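S.K.: Below, each chain spelled out in residue letters.
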Amino acid sequence: MRYLPLTDSDRQAMLATIGAGSIDDLFVDVPAEARLSGPIAGLAPHASELAVERHMSKLARRNLSAGEAPFFLGCGAYKHHVPASVDHLIQRGEFLTSYTPYQPEIAQGTLQALFEFQTQVARLFGCDVANASMYDGSTACWEAITMARRVTKRAKAILSAGLHPHYVSLAKTMARFTGDQLDSAAPSLTPGAPGDDMARLLDAIDGETSCVVVQNPNILGHVADLSELAARCHEKGALLIAVVTEPVALGAVRSPGEMGADIVVGEGQSIGVGLNFGGPYVGLFACAEKYVRQMPGRLAGVTTDADGQRGFVLTLSTREQHIRREKATSNICTNAGLCALAFSIHLTLLGETGLRRLATLNHANAVAAADRLAKLPGVELLNTAFFNEFTLKLPVEARPVVRSLADKGILGGVSLGRLYPGEPTLANGLVVAVTETVTGEDVEALAQALEAEIAA
Amino acid sequence: MSMNSEGRVTRPEISAETTAAAEAPATFTGNRALMLEEALIFERDDYARTGVDIAEAPAAANRLGGLERHRAIGLPGLPEPEAVRHYTRLSRQNYAIDLGLFPLGSCTMKHNPRLNEKMARLPGFADIHPLAPVDTVQGALAVIDELAHWLVTLTGMHAVAMSPKAGAHGELCGLLAIRAAHDAAGSDRSVILVPESAHGTNPATAAFCGYKVENIPATADGRVDLDALTARLGPDVAGVMITNPNTCGLFERDMKRISDAVHAAGGYVYCDGANFNAIVGRVRPGDLGIDAMHINLHKTFSTPHGGGGPGSGPVVLSEALSPYAPLPFVAKQGDGSFKLIEEETAGEDHPGSFGRMAAFNGQMGMFTRALTYILSHGADGLRQVAEDAVLNANYVLRSLDGLLDAPFGASGPCMHEALFSDDGLAPGFTTLDIAKGLIDEGFHPMTMYFPLVVHGAMLIEPTETEGKATLDQFVGALRSVAERAKAGDAALKAAPAMAPRRRLDETAAARKPVLVWKDEPLPEAAE
Numbered sequence: 001m002r003y004l005p006l007t008d009s010d011r012q013a014m015l016a017t018i019g020a021g022s023i024d025d026l027f028v029d030v031p032a033e034a035r036l037s038g039p040i041a042g043l044a045p046h047a048s049e050l051a052v053e054r055h056m057s058k059l060a061r062r063n064l065s066a067g068e069a070p071f072f073l074g075c076g077a078y079k080h081h082v083p084a085s086v087d088h089l090i091q092r093g094e095f096l097t098s099y100t101p102y103q104p105e106i107a108q109g110t111l112q113a114l115f116e117f118q119t120q121v122a123r124l125f126g127c128d129v130a131n132a133s134m135y136d137g138s139t140a141c142w143e144a145i146t147m148a149r150r151v152t153k154r155a156k157a158i159l160s161a162g163l164h165p166h167y168v169s170l171a172k173t174m175a176r177f178t179g180d181q182l183d184s185a186a187p188s189l190t191p192g193a194p195g196d197d198m199a200r201l202l203d204a205i206d207g208e209t210s211c212v213v214v215q216n217p218n219i220l221g222h223v224a225d226l227s228e229l230a231a232r233c234h235e236k237g238a239l240l241i242a243v244v245t246e247p248v249a250l251g252a253v254r255s256p257g258e259m260g261a262d263i264v265v266g267e268g269q270s271i272g273v274g275l276n277f278g279g280p281y282v283g284l285f286a287c288a289e290k291y292v293r294q295m296p297g298r299l300a301g302v303t304t305d306a307d308g309q310r311g312f313v314l315t316l317s318t319r320e321q322h323i324r325r326e327k328a329t330s331n332i333c334t335n336a337g338l339c340a341l342a343f344s345i346h347l348t349l350l351g352e353t354g355l356r357r358l359a360t361l362n363h364a365n366a367v368a369a370a371d372r373l374a375k376l377p378g379v380e381l382l383n384t385a386f387f388n389e390f391t392l393k394l395p396v397e398a399r400p401v402v403r404s405l406a407d408k409g410i411l412g413g414v415s416l417g418r419l420y421p422g423e424p425t426l427a428n429g430l431v432v433a434v435t436e437t438v439t440g441e442d443v444e445a446l447a448q449a450l451e452a453e454i455a456a
Numbered sequence: 457m458s459m460n461s462e463g464r465v466t467r468p469e470i471s472a473e474t475t476a477a478a479e480a481p482a483t484f485t486g487n488r489a490l491m492l493e494e495a496l497i498f499e500r501d502d503y504a505r506t507g508v509d510i511a512e513a514p515a516a517a518n519r520l521g522g523l524e525r526h527r528a529i530g531l532p533g534l535p536e537p538e539a540v541r542h543y544t545r546l547s548r549q550n551y552a553i554d555l556g557l558f559p560l561g562s563c564t565m566k567h568n569p570r571l572n573e574k575m576a577r578l579p580g581f582a583d584i585h586p587l588a589p590v591d592t593v594q595g596a597l598a599v600i601d602e603l604a605h606w607l608v609t610l611t612g613m614h615a616v617a618m619s620p621k622a623g624a625h626g627e628l629c630g631l632l633a634i635r636a637a638h639d640a641a642g643s644d645r646s647v648i649l650v651p652e653s654a655h656g657t658n659p660a661t662a663a664f665c666g667y668k669v670e671n672i673p674a675t676a677d678g679r680v681d682l683d684a685l686t687a688r689l690g691p692d693v694a695g696v697m698i699t700n701p702n703t704c705g706l707f708e709r710d711m712k713r714i715s716d717a718v719h720a721a722g723g724y725v726y727c728d729g730a731n732f733n734a735i736v737g738r739v740r741p742g743d744l745g746i747d748a749m750h751i752n753l754h755k756t757f758s759t760p761h762g763g764g765g766p767g768s769g770p771v772v773l774s775e776a777l778s779p780y781a782p783l784p785f786v787a788k789q790g791d792g793s794f795k796l797i798e799e800e801t802a803g804e805d806h807p808g809s810f811g812r813m814a815a816f817n818g819q820m821g822m823f824t825r826a827l828t829y830i831l832s833h834g835a836d837g838l839r840q841v842a843e844d845a846v847l848n849a850n851y852v853l854r855s856l857d858g859l860l861d862a863p864f865g866a867s868g869p870c871m872h873e874a875l876f877s878d879d880g881l882a883p884g885f886t887t888l889d890i891a892k893g894l895i896d897e898g899f900h901p902m903t904m905y906f907p908l909v910v911h912g913a914m915l916i917e918p919t920e921t922e923g924k925a926t927l928d929q930f931v932g933a934l935r936s937v938a939e940r941a942k943a944g945d946a947a948l949k950a951a952p953a954m955a956p957r958r959r960l961d962e963t964a965a966a967r968k969p970v971l972v973w974k975d976e977p978l979p980e981a982a983e
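Going down the list, the sequences are from chains A and B. If you use the working numbering, the first sequence corresponds to residues 1 to 456, in order. If you use the working numbering, the second sequence corresponds to residues 457 to 983, in order.
Warning: the hint list may mix true and false statements.
As the list claims (entries may be wrong) - DSSO-like cross-link-like pairs, simulated, lysine-lysine; straight-line CA separation at most 30 angstroms:
1) B/924 with B/968
2) A/290 with B/968
3) A/290 with A/153
4) B/668 with A/290
5) A/408 with B/788
6) B/668 with A/156
7) B/968 with A/327
8) A/172 with A/290
9) B/974 with A/290
10) B/668 with A/327
11) B/924 with B/942
12) A/393 with B/795
Since the hints were made in silico from the structure, they are not lab data. Note that the structure is a prediction, hence the values are computed from the model and not measured.
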């Protein structure tokens, strides 16, 4: 077995050192009735690389990958081009096969990279500080709500109708057990600003509110100014939590921090991390400096060594589960280290100049596509303000249309029927994402196929 | 160069004066030959540069609604060659399993096969969207279903929830299922019992989903105190969280009796499955009465740790808890195709589900790797994994007899990890000194000061992917360092002397935290 270095004679010599007669003697503490003697039911013996590759490749071929089709899916996960050097660098063994930097003297590479990541995220979001990453955007969002509860000592969170429905679903799951109160609403296909419920949010904030959670751009692609909402939150002693599921947008759009958000969380998948059918992704978490001791997750910080040289360590661990146990800010004891590294490398390659160019290209492609698709008979473009994603109202239900487009080799967007199965008023909505990977031919292919589907 | 029987490298002796890196002459660059210092990206004047060629955007009207970003963000950019060097240089300041033994107890650092990486990067897996039409991702659902099948089979359980994103997230999943089961039965039990030797995540998780936590003591032989636990059981106890094999490296012999007692009292048993690699193929937790257990795919099934993550923590469930498993859920249909049960159809197909605990479908990239690993090892290989992991740990335990105190050395064979204490070191010398001494010997130190039930704990987990020669060399190094600590060798207090950094001041970092780069010089950097 190629992954196991011990030979049978090694094993015999080692058993002799231990003073055991056989391997079974090392399992004496397992009660006899719980010991498995036979083979594992149905599992074949060990297999060669070639055999395993054949099996896995066969399964992979049963999927239609994003690169094989004109591709317009978004709603919280985006297809962007990732430079080849990103994947090459994260596959270096010293990154890929290292662990949590518990021994900082021999983990400076990971620690410095995390410190750079924290700085990039904080700057991108317009916040003072950021942590070393979370599981993904959705779990980061719930952690932000619990953090707002700790900061304000209140337990009523108001969720925007434009917040990703899976993020809402997760918050509802958790709130059922924690006793947090959630005030949420379904989005509407409002022409001009789909999914926007600014008036409802402004109206709902009161002295009991811990936080308002608003996504920007929202689930239907609409971008909004959060400044007034932030001011109202602060007037009532509540925190504004902003969620960013498409961080590339921040190369073009003002950051939530600049608009007054207290905590900004996000999904970093767009930068450096592939689609991967939903994971692993990388949760981004940033906030104002005064709340840092209430933050969940890991933090890398600066210090000096015995020679006075600058170095990096994990810090403020007294917030964490291994020290505070049931009083910790969160049960999280990891970060999405490798994905955070991929995010950071990609952002370092882009730099400010590249990110702005990338954002401009995304926006221009999206505007061109929106204008083309809005010309289709019976199709209405609902957004006036958007970044790289917008919502179309079709004259028919969108879900079967998306289904039929896939048969024609076009992954044509996310139907709101898939995201909001219980909301028939949204069934005609189609959310279309257009990034730098989409060509003019792709848009034309979608336009023509969509037109045919609607006419059918 | 060769190794003698103790694993010591036999080559001409180098005098102490010339090995002390601290005495090497200062260099102009701060570099020391192949050990290169690397500035932060923020310290270079690279704010106008980029390493990516991006097509010119076509002229189009701006529809950003007046929200254009005006201020600079402050993101430096590096051209590709410099970016590659920056991260390559950083990488060289890391220890990694590809470089050598990484004996972190309870963390399980084993070889990461590159076939796993290659398979996870097949476009059919890596480049598919979580909301793609379900019939365009049947191969991905087949991977989830196939992995789920093996996880259930290997653990002897009834079902598995695949979406938890890490071990601690899996704990949350298990406890939510327990709460949902009690809710469904109309019971409002409020307490979770946790042995004091548990991972810190256990009590934190219980608190995070609204439970009160009570600790259960350990016996003198390093196992859960069965009498104390059964005495505490009652109508307010929702469940018990136990780690087995436990964090002292021992198998909980009374596991079945504990489970029976908890069930008789109306509670459920959660097992922290962090250490499943010690028993895979030899013991099925389902046979021990476990109701829920997370499996850290990265530990038992070798997905990369990547400097901290990502993890993946599927949770296997007993029949009693299966109805409450989270969404989404993959189900095989009569015609062999797969269905993704989400909110829409949960009402009919999976009505008891406690809901969604992450946005999409779990850690697909980790599932591909774990399935690749399971198929590569097969039934015989997986059993050998547990056997070699346990053999290696016991070999380390016994090879250090008479040198380091092993508080539970007489409590039976250890499983996959060997536990020592700092008893017997010279006054003023601690576990920390041994750890830092090992760094200069070229090894990553063991887990320090965990579990908390042992003073100055040193928890060593060699794993099954280490050969005997490596273990002999490690034991030899540990012996040498421990003897120095017992003899009070002052030079050990200054270790590491040869790492990229000497001992780092963690107290100063916490007292005045600097968590992001500020453009003014950092006070710590000024000296």
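S.K.: Okay, which hints does this one fail, numbers in order?
M.R.: 1
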